[in-house]
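Q: My request is simple: use the sequences and hints to build the entire structure.
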Amino acid sequence: NDKVFQFYLVTPEKLKGAFHDSSPGISVLASTKPVSLPRADFVNTSDRGESIHSAFCEPDPLPQTCGVGGNSDCYRFTVITPFRNLQRDRMELWSTPVEIEVENPKTAQAQIAGVRTFKSTRGAVWPNVSALLETVITEDGRLLVGRVANSEVSWRDTGTGRQTTSRPNVIYSYLPTNKKPCDVTGFSAPYPITHAHYHKEIRQRYGFAAYPMRDGAGRLIPNGADFGGSYPWIDGKGANLFFGTFAQSFRNNGEPAFLSRCVGGASGCNNPSHNMTKDTLGMAVSGLWTKGRTVLIDNALNNIDWNLQARPSGHLEAKLYQGDEGWVHVGSGRDNANDTASHVPPGGVGNINMIDSIANKFNGTKAFKPALPRDVYWWVSNGKATDAVVFDDWINPQVFISSDMVQLIDGVNLEPNPKFIQNAATTRLYQVPPYGEITGNGRVEPVALGGVHGKGFYSRQGSGIRYPLPANNAAEFSAQHWFVGLFIDPRFGNDGQVRRLIEFPDGASINLEGRSGILYANAGGNRFLVPLPQVLTANQYHHLGFRFAPRGTVELFLNGLLIHAWERPASFRTAFALQQGNLWLGRGQDNQNGFAGWIDEFKVIAQAQTLNAEDFCNYASGSLVGLRRVASADLQARAAEGSALAKAMIDSALPANARHDAYLCYTDNRSADGWINLAALPRGTVSLRDRLLFPEGPLVFGMPRPDSRNNAFCTSCHQGDGTNLLPPSLGLAALRPASINAEEDPRRQPGQPPSRIYGHVPAGLFGADAPPSHEYADDGFHVDRYLMKNP
Numbered sequence: 001n002d003k004v005f006q007f008y009l010v011t012p013e014k015l016k017g018a019f020h021d022s023s024p025g026i027s028v029l030a031s032t033k034p035v036s037l038p039r040a041d042f043v044n045t046s047d048r049g050e051s052i053h054s055a056f057c058e059p060d061p062l063p064q065t066c067g068v069g070g071n072s073d074c075y076r077f078t079v080i081t082p083f084r085n086l087q088r089d090r091m092e093l094w095s096t097p098v099e100i101e102v103e104n105p106k107t108a109q110a111q112i113a114g115v116r117t118f119k120s121t122r123g124a125v126w127p128n129v130s131a132l133l134e135t136v137i138t139e140d141g142r143l144l145v146g147r148v149a150n151s152e153v154s155w156r157d158t159g160t161g162r163q164t165t166s167r168p169n170v171i172y173s174y175l176p177t178n179k180k181p182c183d184v185t186g187f188s189a190p191y192p193i194t195h196a197h198y199h200k201e202i203r204q205r206y207g208f209a210a211y212p213m214r215d216g217a218g219r220l221i222p223n224g225a226d227f228g229g230s231y232p233w234i235d236g237k238g239a240n241l242f243f244g245t246f247a248q249s250f251r252n253n254g255e256p257a258f259l260s261r262c263v264g265g266a267s268g269c270n271n272p273s274h275n276m277t278k279d280t281l282g283m284a285v286s287g288l289w290t291k292g293r294t295v296l297i298d299n300a301l302n303n304i305d306w307n308l309q310a311r312p313s314g315h316l317e318a319k320l321y322q323g324d325e326g327w328v329h330v331g332s333g334r335d336n337a338n339d340t341a342s343h344v345p346p347g348g349v350g351n352i353n354m355i356d357s358i359a360n361k362f363n364g365t366k367a368f369k370p371a372l373p374r375d376v377y378w379w380v381s382n383g384k385a386t387d388a389v390v391f392d393d394w395i396n397p398q399v400f401i402s403s404d405m406v407q408l409i410d411g412v413n414l415e416p417n418p419k420f421i422q423n424a425a426t427t428r429l430y431q432v433p434p435y436g437e438i439t440g441n442g443r444v445e446p447v448a449l450g451g452v453h454g455k456g457f458y459s460r461q462g463s464g465i466r467y468p469l470p471a472n473n474a475a476e477f478s479a480q481h482w483f484v485g486l487f488i489d490p491r492f493g494n495d496g497q498v499r500r501l502i503e504f505p506d507g508a509s510i511n512l513e514g515r516s517g518i519l520y521a522n523a524g525g526n527r528f529l530v531p532l533p534q535v536l537t538a539n540q541y542h543h544l545g546f547r548f549a550p551r552g553t554v555e556l557f558l559n560g561l562l563i564h565a566w567e568r569p570a571s572f573r574t575a576f577a578l579q580q581g582n583l584w585l586g587r588g589q590d591n592q593n594g595f596a597g598w599i600d601e602f603k604v605i606a607q608a609q610t611l612n613a614e615d616f617c618n619y620a621s622g623s624l625v626g627l628r629r630v631a632s633a634d635l636q637a638r639a640a641e642g643s644a645l646a647k648a649m650i651d652s653a654l655p656a657n658a659r660h661d662a663y664l665c666y667t668d669n670r671s672a673d674g675w676i677n678l679a680a681l682p683r684g685t686v687s688l689r690d691r692l693l694f695p696e697g698p699l700v701f702g703m704p705r706p707d708s709r710n711n712a713f714c715t716s717c718h719q720g721d722g723t724n725l726l727p728p729s730l731g732l733a734a735l736r737p738a739s740i741n742a743e744e745d746p747r748r749q750p751g752q753p754p755s756r757i758y759g760h761v762p763a764g765l766f767g768a769d770a771p772p773s774h775e776y777a778d779d780g781f782h783v784d785r786y787l788m789k790n791p
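The sequence shown begins at 1 in our numbering and counts up one residue at a time.
By construction, these hints were calculated from the structure, which means they are not laboratory data. Being a predicted model, the structure only gives us computed values, none of them experimental. A virtual CB, placed ideally from N, CA and C, is assigned to each residue, including glycine. Be a bit skeptical, because a hint or two may be false.
As the list claims (entries may be wrong) - Just the calculated beta-carbon pair ranges, DEER-fashion:
id, residue 1, residue 2, range
1, R659, C262, 55 to 61 Å
2, L220, K361, 29 to 35 Å
3, A658, N710, 17 to 23 Å
4, N669, T177, 46 to 52 Å
A: Okay, here's the thing in structure tokens:
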């Protein structure tokens with residue numbers, strides 16, 4: 001099809017509420033019918049060939065006002081088009097200036113009014129490269145990332161000068177600073193993406209290369225190696241690289257992994273498996289915010305491990321669970337055959353492995369205003385789903401274990417290892433366990449169904465997970481306050497039987513007695529029972545959290561609220577120590593009386609004395625709210641069941657004028673993806689998140705940013721990570737006050753949108769009278785004027 005260039009307009013103003021509560025489908029587009037243009041407008045050659053994926057190169061502020069009366073927006077940028085020249089057996093990079101006019105810009109009625117293209121220019125030529133796909137260029141117009149499939153690439157090691165020939169999948173190309181941004185004639189020959197850290201100019205400019213790339217267990221991936229990633233996407237700053245990793249066939253050596261049947265009991269199907277490539281699913285991220293570690297993402301983006309097709313004829317039902325309801329309809333693992341196929345929503349791309357994100361660009365709009373109880377997250381899409389990717393625990397160097405119950409992706413090829421659980425802790429301050437080893441017949445799901453978010457781990461009585469803790473500084477560890485948290489979904493009766501939840505290397509353990517009590521025990525046979533305020537419901541997730549003061553208090557949190565504090569007697573003073581040895585989850589070393597049911601989101605965090613009440617609630621997938629008298633009777637009754645300890649903890653962190661008579665760790669409006677919506681809290685509730693996490697705030701327009709160097713929530717991430725590779729944006733200096741006003745300060749908090757927008761600004765863009773009349777902002781419009789508090 002010669003009309004291969006399709007332009008769509010994103011219009012977040014169309015959405016009435018928060019994005020993650022919007023209806024399924026692609027409702028954020030102005031139109032699901034694109035404006036299409038022929039390839040001849042972008043590649044000025046008569047040579048025979050093809051172009052598949054192109055990229056926008058847009059280093060200048062966009063858009064600018066245009067049209068009648070200046071009431072339209074015009075976007076002027078360059079399209080970089082890889083052209084496979086079949087006649088000359090080479091890849092050519094072409095550039096084409098483009099102008100797109102948008103009528104009724106930044107409103108729900110916005111539409112593309114026209115597209116103009118200008119003269120195309122051929123630039124860099126890469127011999128023997130047969131394909132360049134998933135092309136993306138950073139916002140400075142100098143770093144190109146893409147995939148060269150099945151091509152031999154000759155490249156020079158920038159450190160040793162050695163010339164090498166290899167067959168990488170993911171590559172980068174760099175435009176030196178003596179060339180103008182987007183100058184297609186100046187792009188270098190391609191390098192393997194795994195060389196980026198060893199390329200000084202790249203390492204110093206782009207965060208994704210600050211640390212050497214490592215696999216899921218923390219092992220180095222060699223310089224220049226062809227690693228097991230594909231379908232890359234890099235963010236605009238060049239800080240984080242996303243990519244697909246593995247895919248598995250539903251049939252292994254001809255035998256299905258599970259019993260299977262046709263969907264709906266239909267006859268005649270052959271339960272096909274779509275065996276195209278093995279490295280396109282299992283979406284992962286590596287870069288600045290993971291300190292080079294490859295982290296497999298656990299949410300709806302990774303809905304399935306099998307490369308079953310997205311088209312309905314490629315689906316099947318698999319017997320994943322016990323009972324008549326154990327049959328699960330599975331599919332949407334792989335597809336890139338038909339962009340107009342009926343199995344994707346209108347406006348969707350047929351290739352459901354493509355990765356993209358708007359990052360925080362639209363966070364100034366109502367629909368994308370941050371409304372999840374996390375600090376650093378982006379909405380990320382891959383053609384079949386959009387979900388929040390949360391970076392908080394990867395950035396925090398005090399996180400010692402972060403297991404969201406997905407399998408380890410192992411080695412240079414990033415192959416899934418079903419015998420091990422990923423530990424996504426990225427800290428360099430401690431020697432962390434590289435993984436959790438599954439023991440017995442427990443399992444990680446092949447689909448994202450059983451977890452609070454995404455996948456879960458199903459533990460049987462004789463199964464569990466063993467975390468081998470490396471040797472660390474024993475004195476430092478013994479002086480630490482630790483937090484240990486996990487979700488459990490018990491699948492047994494309130495029978496009084498003691499079942500092991502966690503066993504520490506020193507032999508001390510945390511156990512569940514039936515479903516009504518927490519039992520602490522140590523290696524010497526001493527026990528202490530804490531009755532729970534209510535019996536845990538079977539077949540339902542509950543969050544348990546424990547904070548251990550060194551040789552002191554043990555605090556117990558249930559569903560995000562403190563319910564019990566126990567002063568350890570002498571017999572327990574040295575119990576629950578994190579030290580070299582094995583940390584067991586769901587069972588103990590003796591393999592007796594293990595936990596039966598689902599486990600998810602296991603966290604172990606150091607320096608836990610800095611955590612506050614909102615942190616504990618966040619780890620339970622909620623957020624704290626205060627109740628006013630007009631709150632419903634149900635909410636009031638539930639809040640009345642809370643402990644005096646929880647109320648005292650919350651009150652102590654709030655000024656007197658912000659305290660309430662009752663509090664809840666609110667989780668009621670969680671979506672199917674497991675996220676609550678802070679923008680849709682019920683009547684009579686008041687969010688306490690900003691009060692607890694940013695007490696020195698809020699940001700005020702026309703005034704400098706406040707000093708956050710004593711804010712424990714901020715300093716948990718803004719601190720040294722044990723290396724000299726951390727950028728200033730993650731150092732303590734980023735929290736210092738400055739002499740310039742907040743709207744002019746280049747430092748932005750993760751959830752803030754870019755400080756300026758350009759082009760035509762319609763009246764009421766940020767509310768009924770914000771701004772009161774339309775404005776023209778070719779030099780930039782301070783969004784903070786209406787998003788920050790005004791003095």
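Q: Look at the Cβ atoms of R659 and C262 and judge whether their distance stays inside 55 to 61 Å.
A: At roughly 60 Å between Cβ atoms, C262 and R659 fall inside 55 to 61 Å, so the hint holds.
Q: Do A658 and N710 keep their Cβ atoms within the hinted range of 17 to 23 Å?
A: 19 Å, holds
Q: Evaluate the given range 46 to 52 Å for the C-beta pair formed by N669 and T177.
A: For T177 against N669, whose Cβ atoms are near 49 Å apart, the range 46 to 52 Å holds.
Q: Kindly confirm whether 29 to 35 Å is satisfied by the beta carbon distance between L220 and K361.
A: 34 Å, holds
Checked against the numbered hints listed earlier, the structure breaks none of them; every hint is satisfied.
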